[in-house]
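Engineer: So the chains spell out like this:
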Amino acid sequence: MRNPSRRRRVHGFVLAAIALPFALGTLSGCMGAPVPEPSDTAARIAKATGAPTETPPVFASNVEALAAAKAAYGNYLSLGDAVPSMRSESWDGYLDLTTGVEREGLIRGRELMEENGWAFTGVTRFDSMTIQSSRALPDSTWEIRAYLCLDLSSTDTVNKAGESVVKSDRPVRSPMVVVFVTPDKNSRQLLISESPIWSGSNFCS
Amino acid sequence: MVRFKLLLVIGVVAAMMFSVVPSSPSRADISACTAENRKMGLCPDAPETGGKANGGSVDVTADTTTGSSGTGTGSHPRRGRSASDTPATPTVCANGDPAKPGIKTIPCGNGSFLPLARPNTPTTPCTACSPSTIVSITDLQNFPAYAAPTNMEPNGWTIVGLPTNFWANASAQIQEGLLLGQPAQVMFTPIGYHWDYGDNSTTSTPTSGSNWTTLNLTEFSNTTTSHKYAAKGTYTVTLTIDYRADYSFGDQGWRPVEGIVTVPSTPFTVVAANESTVLVAEDCNTNPRGPGC
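Residue numbers (my numbering), protein chains in the order written: chain A, 1 to 205; chain B, 1 to 293.
Quick caveat, the hints were computed from the structure, so don't treat them as lab data. Keep in mind the model is a prediction, meaning the values are calculated, not measured. Positions of the beta carbon are idealized from the N, C-alpha and C atoms, including for glycine. It cannot be assumed that every hint is accurate.
[As the list claims (entries may be wrong)] Output of the computed footprint for chain B on chain A, the stretches with three or more beta carbons under 8 Å from beta carbons of chain B:
#: 1; segment: 100-112
#: 2; segment: 118-124
#: 3; segment: 144-155
#: 4; segment: 160-167
[To be verified] Beyond 12 Å from chain B on every Cβ pair, some chain A residues (computed):
#: 5; residue: V63
#: 6; residue: S88
#: 7; residue: D139
#: 8; residue: T141
#: 9; residue: P183
Start from the sequences and build out the full structure, keeping to the hints where you can.
Structural biologist: Right, here's the structure in full:
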């Protein structure tokens, strides 16, 4: 089920982003790679980075933030593909890449997975990451919100007999909003704190 | 018209295998969508929404499903197989959600419906359901458009053979509500005005009209919404406004509603009299605000 409070935060943020019509043009000039254009008002609209004067920016630009977010999420997905179980040595390091809701969801998902004897196969990919916002939080930690397309076309979840346990018609490309946070105000390490499905227009189809 | 009608239909199916340990996590427990949970089909899909005109209001619906509705998958699929290794048939399809005792319907996997069983009681065997937990929720809310105030001048009476001016105070209106616990809005934009003057004559205009002062016209001037009554009498005037509607749900932006919303105004009466009757009755010196003064 959904988490209403998280949804409300996302909605509020998107409304704020829509109120800044200039931001898309500003951001698109910063992007190194072309990104899909939004098709309606609910589509992805970037919010310009607003760095409070009293807080020196951890990431000097959206380009820097995007590079850090790409590296962090790529590493996260790679480790997820490689960590076989919660008893493996690499589990703790994998879990330490997450915080908050993402961490809880990761643990719950893995518990269900291991109870059923499921395993992941293949490689999980993502693409089309763009920065929605990059800002300092009141506690001086940094938060980056990014849109991306999760690509599950080369992955599967199988049971002990090697049979797939997921719907064959599941969406293989999903639009997501991934939230990254730094663990403390001077750190440039990005932890994944939540990654809900983007409920607006599907920019990944 | 002031009414607010809420229709809520919630359907929940909890399809479980006997072999699932009660304390174990189920798909319904997964509240956070991670990439891994997405891989296992645990994340809720974005709600499917729709908006449809329903007379003078709009019905907005949202559907969302969590878990997997596939077949042959789920918890311990090997245990569901017989010695001959025939395809798994879930032994229990659905039971009620203890947290939602008021649920009336159970959409089951492929859309069929099953009778609701109380928690922890035997339930209807179902070959169509996935053994994994399915939670399907449909929410519908009705957003009424409010009738626009109507005006005429002279106010309540007129002179046979002279134009009577009618207009409406209609503008775009937004109604708000909650759908699946998320904010939903419907915006009504007037696109057509249909006047029934009560003497078997009607007219339709794309605009609401306005009063003579605003239009910079003298009294009893013709306007796009004015009407001349040919005979004295009492007439009932009704305005019906057509609205185009758009809805928004969550952060999905504005989407058009299927159909046109038609809202009748409150009827009002006009007394049409002959000019002599009206003018003889009053004197502009004694009553400067009287008819024709």
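Engineer: Run every hint past the structure and note whether it holds.
Structural biologist: Status of the hints after comparison with the structure:
no. : hint    : verdict
1   : 100-112 : holds (count 10)
2   : 118-124 : holds (count 3)
3   : 144-155 : holds (count 3)
4   : 160-167 : holds (count 7)
5   : V63     : 24 Å, holds
6   : S88     : 14 Å, holds
7   : D139    : 22 Å, holds
8   : T141    : 20 Å, holds
9   : P183    : 19 Å, holds
When the structure is compared with the earlier hints, no violation turns up for any of them.
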